[in-house]
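Sequences listed follow chains W and E, in order.
The C-terminal position of the first sequence is numbered 392 in the working numbering, with every residue numbered one higher than the one before it.
The C-terminal position of the second sequence is numbered 523 in the working numbering, with every residue numbered one higher than the one before it.
Keep in mind the hints are simulated off the structure, nothing from the lab.
Nothing here was measured: the structure is a model prediction, and the numbers come from that model.
Watch out, some of these pointers could steer you wrong.
When the alpha-carbon atoms are kept at most 25 angstroms apart in a straight line, the in silico BS3-like pairs for lysine-lysine are as follows [claimed, not checked]:
1) E/Lys-392 x W/Lys-389
2) E/Lys-355 x W/Lys-297
3) E/Lys-398 x W/Lys-309
4) E/Lys-411 x W/Lys-389
5) E/Lys-360 x W/Lys-258
6) E/Lys-483 x W/Lys-297
7) E/Lys-389 x E/Lys-282
8) W/Lys-309 x W/Lys-297
9) W/Lys-297 x E/Lys-507
10) E/Lys-282 x W/Lys-309
Okay, here's what each chain looks like letter by letter:
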Amino acid sequence: MMGEFFANYGMELLRETGATLFMTLFGTLFGYVLGLPLGIWCYATDEGSLAPNKSVHAVLGWIINITRSIPFIILMLALIPFTRMVVGKAIGSTAALVPLVIGAAPFVARMVESSLSEIDHSLVDCAKSMGATNFQIVSKVLLPETLPSLIRGMSIATITIIGYTAMAGAIGGGGLGDVAIRYGYHRGEFDVMYVTILILIVLVQVIQVIFNIIVRKIDKNKS
Amino acid sequence: MIEIKSLSKQFMNHEDHQLEVLKDISLTVEDGDIYGIIGMSGAGKSTMLRLIGLLDSPTSGEILVDGKNINELTGKDKISYYKSIGTVFQGYNLLMQKTVFDNVMFPLTLSKYDKAEAQAKVNKLLELVGLADKANAYPCTLSGGQRQRVAIARALANDPELLLCDEPTSALDSLTTRSILELLQQINRTMGVTIIIITHEIGVVKTICNKVAVLDQGVLVDNGPVQEVKNHREHEITRELFGGNE
Chain W
170 MMGEFFANYG
180 MELLRETGAT
190 LFMTLFGTLF
200 GYVLGLPLGI
210 WCYATDEGSL
220 APNKSVHAVL
230 GWIINITRSI
240 PFIILMLALI
250 PFTRMVVGKA
260 IGSTAALVPL
270 VIGAAPFVAR
280 MVESSLSEID
290 HSLVDCAKSM
300 GATNFQIVSK
310 VLLPETLPSL
320 IRGMSIATIT
330 IIGYTAMAGA
340 IGGGGLGDVA
350 IRYGYHRGEF
360 DVMYVTILIL
370 IVLVQVIQVI
380 FNIIVRKIDK
390 NKS
Chain E
278 MIEIKSLSKQ
288 FMNHEDHQLE
298 VLKDISLTVE
308 DGDIYGIIGM
318 SGAGKSTMLR
328 LIGLLDSPTS
338 GEILVDGKNI
348 NELTGKDKIS
358 YYKSIGTVFQ
368 GYNLLMQKTV
378 FDNVMFPLTL
388 SKYDKAEAQA
398 KVNKLLELVG
408 LADKANAYPC
418 TLSGGQRQRV
428 AIARALANDP
438 ELLLCDEPTS
448 ALDSLTTRSI
458 LELLQQINRT
468 MGVTIIIITH
478 EIGVVKTICN
488 KVAVLDQGVL
498 VDNGPVQEVK
508 NHREHEITRE
518 LFGGNE
């Protein structure tokens with residue numbers, strides 16, 4: 170029975186797991202390319218921070234909050250014209266990356282901002298008193314000192330993005346979410362859906378364990 | 278020489294009330310002094326150190342270091358002023374993800390540097406503060422006293438002429454305090470570094486300072502050589518700090 174199941178669905182499940190991993194990996198990567206600078210910028214322009222600027226800080230906060238308040242599945246639909254403009258199509262895993270990145274970046278930015286805020290302000294003063302420029306304070310103090318926290322944040326972001334990829338399946342993004350919806354919801358083949366759930370659980374566990382190992386390895390401040 | 282002239286600092290608090298933290302302070306720190314600034318909490322000591330360290334600017338008055346008004350410094354001059362002073366904080370402010378060695382090296386990496394020269398210097402400084410064997414340790418494995426020694430070594434990395442110490446021993450036990458104070462004194466004597474030390478403990482002043490300024494609610498109430506201030510005790514706070522008749 171098991172053999173029969175895998176003969177029927179094995180290849181498809183394998184392929185779609187690959188699609189989910191592809192979307193998660195690149196969604197996270199580009200989410201950070203966009204979200205990391207955004208988070209740093211937001212942190213730096215805050216009152217009493219490195220380069221306080223009330224209006225810039227407010228505008229950044231607005232952009233982040235507005236993007237974050239749109240449920241991802243609706244954001245995806247709303248972005249279809251934009252996605253078509255960028256990738257030339259609105260269907261498939263590559264096309265799904267556009268809304269994934271735009272949905273993930275503000276989330277990442279908030280995580281980065283909150284990690285950076287963990288640093289005591291007197292450490293920033295201390296670096297300043299040694300003649301460090303703002304750029305050096307970010308690159309040599311804030312980022313290295315908060316690296317374990319940033320990596321921990323990245324594990325949360327990655328797992329959230331896995332959730333997003335499942336939703337991307339609902340509008341033709343492919344991946345495990347697509348499989349679960351097609352077989353489970355549309356055809357009533359619940360066994361396939363349960364297997365996809367199982368695969369997702371294993372993925373999340375493995376990702377979390379990998380991140381935990383990395384954090385344990387790099388964190389030198391274990392008190 | 279540091280000349281502080283009619284220095285005042287006001288803050289706006291949350292209800293938009295003006296808070297006068299420092300009122301018309303004037304004093305002179307000579308080269309080679311170990312100048313204690315003592316007062317109760319809220320007396321304005323830390324603000325004063327922040328102003329001298331150029332981490333904040335005064336509302337009025339000026340601070341002249343070797344004749345130059347530090348608040349008029351810009352660009353490169355400002356950076357080189359920062360590099361001519363070292364600061365030691367109560368909370369050590371070490372980089373917890375970096376080794377002891379890299380912490381002391383840190384100020385040197387902020388401008389162009391020769392690697393071999395810098396490493397030799399860090400080793401010398403670690404020797405000076407007695408932590409040569411801890412070069413590769415991480416700060417979280419060190420005691421409070423050891424952490425403060427690392428911070429002192431780091432503050433000396435740029436060969437400062439002036440060392441600012443903000444309650445450097447307040448988080449330490451009395452035995453460790455004594456050894457840190459001895460270290461500061463040694464630095465003052467052998468390297469000729471002028472030291473300004475903020476404290477609320479009269480013991481610190483008595484142990485290493487040659488001059489003392491007593492602050493009370495932002496006002497400089499007594500000021501001068503420690504022995505003189507101790508003998509005259511003009512102000513109530515001074516009497517309280519120095520204790521009864523000895």
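- prompt: Failing hints, ascending?
  reply: As far as the earlier hints go, 5, 6, 7, 9, 10 are violated by this structure, in ascending order.
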